[in-house]
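Going down the list, the protein sequences come from chains U and R. So the first sequence is numbered by my numbering: it starts at -1 and just counts up by one. So the second sequence is numbered by my numbering: it starts at 154 and just counts up by one.
Rather than coming from a laboratory, the hints here were simulated on the basis of the structure. Hints are supplied without guarantee of correctness; some may be wrong.
[Stated by the list, open to error] Partner residues are not named here, just some residues of chain U that face chain R (Cβ under 7 Å, in silico):
no., residue
1, Glu18
2, Val57
3, Thr99
4, Thr101
5, Ser104
[What the hints assert, rightly or not] Every beta carbon over 10 Å from chain U, so not counted as near; a handful from chain R, in silico:
no., residue
6, Gly183
7, Gly187
8, Ile202
9, Pro207
10, Arg229
11, Arg230
12, Arg231
13, Leu244
14, Lys246
15, Gln247
16, Ile250
17, Asp252
18, Gln253
19, Ala257
20, Val261
[As the list claims (entries may be wrong)] Pair ranges (Cβ atoms, derived):
no., chain 1, residue 1, chain 2, residue 2, range
21, R, Val261, U, Ala4, 35 to 45 Å
22, R, Glu192, U, Ala13, 22 to 32 Å
23, U, Ala4, R, Arg242, 55 to 65 Å
24, U, Val369, R, Glu192, 50 to 60 Å
25, R, Arg235, U, Gly376, 47 to 57 Å
26, R, Arg242, U, Ala363, 48 to 58 Å
27, R, Ile250, U, Ser377, 43 to 53 Å
28, U, Ala363, R, Arg235, 16 to 26 Å
Idealized CB from N, CA, C, for every residue including glycine.
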Amino acid sequence: MPDFRARLRSRIDDADVVEELAQHAEQAFESARADGLSEEAANAHAQRLLAAWCASRRVASRRAALAGLPQDVRYAVRLLRREPFYAAIAILTMALGIGATTTLFSVAYGVLMKPLPWPEADRVMRVTETRKGQQARLRGTISNGPYLAWRDAASTVTLAGYGVVGNAMTILPKQGIEPVRLQIGRMTSSLFDVLETRPVRGRAFVPDDEHVPASGPFPAPKVVILSYGLWQDWFGGRDEAIGSAIRIDDSLVTIIGVMPRGFGFPDRGVRAWLPMPVGPVNGIDSTGRPFQTMQIFGALARLKPGYTPAQAAAEGTARARTAPDPGYTAVAMFGSGAAPDILVTPAADAMTADVRPAIVLLLAAVALLLVTATANVGSLQLARATTSGRAADASSASWLSKAASSASRAAPRAWRCP
Amino acid sequence: MGISALERELKRGSTEVLILALLEQKPRHGYEIGRLIDERSEGAISFHIASLYPTLYRLEDKQLIEGRWVERAGQRRRRYYRLTPDGRRALAKQRGIWDQFFGALDRVARIRHA
Chain U
-1 MPDFRARLRS RIDDADVVEE LAQHAEQAFE SARADGLSEE AANAHAQRLL AAWCASRRVA
59 SRRAALAGLP QDVRYAVRLL RREPFYAAIA ILTMALGIGA TTTLFSVAYG VLMKPLPWPE
119 ADRVMRVTET RKGQQARLRG TISNGPYLAW RDAASTVTLA GYGVVGNAMT ILPKQGIEPV
179 RLQIGRMTSS LFDVLETRPV RGRAFVPDDE HVPASGPFPA PKVVILSYGL WQDWFGGRDE
239 AIGSAIRIDD SLVTIIGVMP RGFGFPDRGV RAWLPMPVGP VNGIDSTGRP FQTMQIFGAL
299 ARLKPGYTPA QAAAEGTARA RTAPDPGYTA VAMFGSGAAP DILVTPAADA MTADVRPAIV
359 LLLAAVALLL VTATANVGSL QLARATTSGR AADASSASWL SKAASSASRA APRAWRCP
Chain R
154 MGISALEREL KRGSTEVLIL ALLEQKPRHG YEIGRLIDER SEGAISFHIA SLYPTLYRLE
214 DKQLIEGRWV ERAGQRRRRY YRLTPDGRRA LAKQRGIWDQ FFGALDRVAR IRHA
């Protein structure tokens, strides 16, 4: 018998359609032979059928119609109607897995992958001082000696320091607002350059705002910059805020600026900023006697164009080692009196270093949950398919036997045209 | 509508109703459907076998019939079609339309159907 399948396969993708049509052609061929036609004539008869089917667009596009989205949707709706309990379990399981994965991926993206909200944030570095490999008691910080030594002679970076005062009592005397506790930040004037951010109202800090006297204690701060939210809360966004005075603990300070909406540094909880003076290691007290001071604070640096973190770290270390030795204070703070080393790491990595392992672990766990959910639905589907396959065999058998018995009873129905 | 267009529409409509009617009795495969139409019309209906499968697939897409592969011991796998509940309703409706049509032909031109 001629091979009808080869011709069909060249025009039709769907293997089931090819099989069905080939079977029909084979039967047509056999029937023609039984009627006494020669093999050539019977083959020609079958080939005419194949040609007609192959020319049919509906037959040729059978797979597309079956595999298309509308067919899938119809199948899904049918399944949903027919087996709502099974469909509900499958949907719920997948929804749980997908929902958990999506939620945690959003968290991971927001914390680990989303760039920091500053221009060219990939050039912003966290600066850390270590001595013999040990960080200060407050991790991720630098002390005043190395900071000043590097800041005053830096060629690879612009350096800035910051800190958080904590919850200071703040009073707005003019409007009679109840005293509130706010988280206040401290920053050097250079931080505006490092973050490339400016106030939307008023001005930024200037070096004079962080003036350090030649002797005696640091003077009380005189100026403050408000966050956008605090400006809205207290002044309703009015410009009269600039120049107004507020009391922060015992200091009466003048509002000189308002930061842009969304600016929160070092975190979003900080509502206002005071200038941060950084004093030298060796000072003279108000009675004229020398003394040593060690300030510990956070520091950021913006890499100048063309420099790498490694180059900046080398320069920072070299400059830091020219700073005065704070003696036993260094031992107390770092657990070592060794010469300082400066580490320079991308700020985004440094800020998420503590939470990164936990989030990555959670992400992996949730991905595993999704895989488990998918596997569960798959197993459910497999079990169901196996069961329904057996049922289908039984139903096919009964379907056919019922059909056969009804056919024997049914009288042939003639359709005649007059 | 010209004669050929009318003929085409009639042929298309009648092919569908013929297939639905044959499947009303029991599930059948494509070759059997084609053979039965040929035999039972006794050559009076010029049924073009080329339109059989396109029509079957169209009816299946419209969910009037449902095809499934059935494998029985000692026989090769075959695709059988059976009528769906929608198909049963469509067949009843088509019969009504054809009855009305033949009734009208009879009243106007005295053309009777069997």
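We went through each hint and held it up to the structure:
1. Interface restraint check: Glu18/U against chain R, minimum CB-CB distance 5 Å, threshold 7 Å, status holds.
2. Taking 7 Å as the C-beta contact cut-off toward chain R, the hint placing Val57/U at the interface holds, the least distance being around 6 Å.
3. For Thr99/U, the interface hint is violated, since its Cβ never comes within 7 Å of a Cβ in chain R; the closest pair sits about 36 Å apart.
4. Nearest Cβ of chain R to the Cβ of Thr101/U: about 39 Å, over the 7 Å cut. The hint is violated.
5. Annotation: Ser104/U was flagged as interfacial toward chain R, and the flag is violated, the nearest CB pair being 41 Å apart, outside 7 Å.
6. The Cβ of Gly183/R does not lie farther than 10 Å from every Cβ of chain U; its closest approach is about 5 Å, which violates its non-interface assignment.
7. Interface exclusion of Gly187/R from chain U breaks down, the closest Cβ pair being 7 Å apart, not more than 10 Å.
8. Once the 10 Å rule is applied to beta carbons, Ile202/R is inconsistent with being away from chain U; the minimum gap is 6 Å.
9. Separation of Pro207/R from chain U is inadequate, the least Cβ-Cβ distance of about 4 Å not exceeding the 10 Å criterion.
10. For Arg229/R, the non-interface assignment is contradicted: its Cβ lies about 7 Å from the closest Cβ of chain U, within the 10 Å cut-off.
11. Residue placement check: Arg230/R does not keep its beta carbon more than 10 Å from all beta carbons of chain U (closest about 8 Å).
12. Listed as a non-interface residue, Arg231/R fails to keep its Cβ farther than 10 Å from every Cβ of chain U; the least gap is roughly 7 Å.
13. Remark: the non-interface label on Leu244/R is consistent with the geometry, its nearest Cβ contact in chain U lying 13 Å away (cut-off 10 Å).
14. Once the 10 Å rule is applied to beta carbons, Lys246/R is consistent with being away from chain U; the minimum gap is 18 Å.
15. Residue placement check: Gln247/R keeps its beta carbon more than 10 Å from all beta carbons of chain U (closest about 13 Å).
16. Distance check for Ile250/R against chain U: the nearest CB is about 15 Å away, which clears 10 Å, and the non-interface claim stands.
17. The claim that Asp252/R is not at the interface with chain U holds, since no C-beta of that chain comes within 10 Å of its own (minimum 13 Å).
18. The claim that Gln253/R lies off the interface holds: its Cβ sits roughly 17 Å from the closest Cβ of chain U, which is beyond the 10 Å cut-off.
19. With a closest Cβ-Cβ approach of about 14 Å to chain U, Ala257/R is found to remain outside the 10 Å limit, as its non-interface label requires.
20. Every Cβ of chain U is farther than 10 Å from the Cβ of Val261/R; the closest lies at roughly 14 Å, confirming the non-interface assignment.
21. For Val261/R paired with Ala4/U, a C-beta distance near 53 Å fails the hint of 35 to 45 Å.
22. Glu192/R and Ala13/U have their C-beta atoms about 30 Å apart, which keeps the hinted 22 to 32 Å range intact.
23. Taking the beta carbon of each, Ala4/U and Arg242/R are about 41 Å apart, not inside 55 to 65 Å as hinted.
24. Judged by the Cβ atoms, the range 50 to 60 Å given for Val369/U and Glu192/R holds: they are separated by roughly 57 Å.
25. For Arg235/R paired with Gly376/U, a C-beta distance near 30 Å fails the hint of 47 to 57 Å.
26. One distance hint, 48 to 58 Å for the beta-carbon pair Arg242/R and Ala363/U, holds here, with the actual separation near 52 Å.
27. One distance hint, 43 to 53 Å for the beta-carbon pair Ile250/R and Ser377/U, holds here, with the actual separation near 49 Å.
28. The beta-carbon spacing between Ala363/U and Arg235/R, approximately 49 Å, falls outside the hinted interval of 16 to 26 Å.
Consistency with the previously given hints fails for numbers 3, 4, 5, 6, 7, 8, 9, 10, 11, 12, 21, 23, 25, 28, ordered from lowest to highest.
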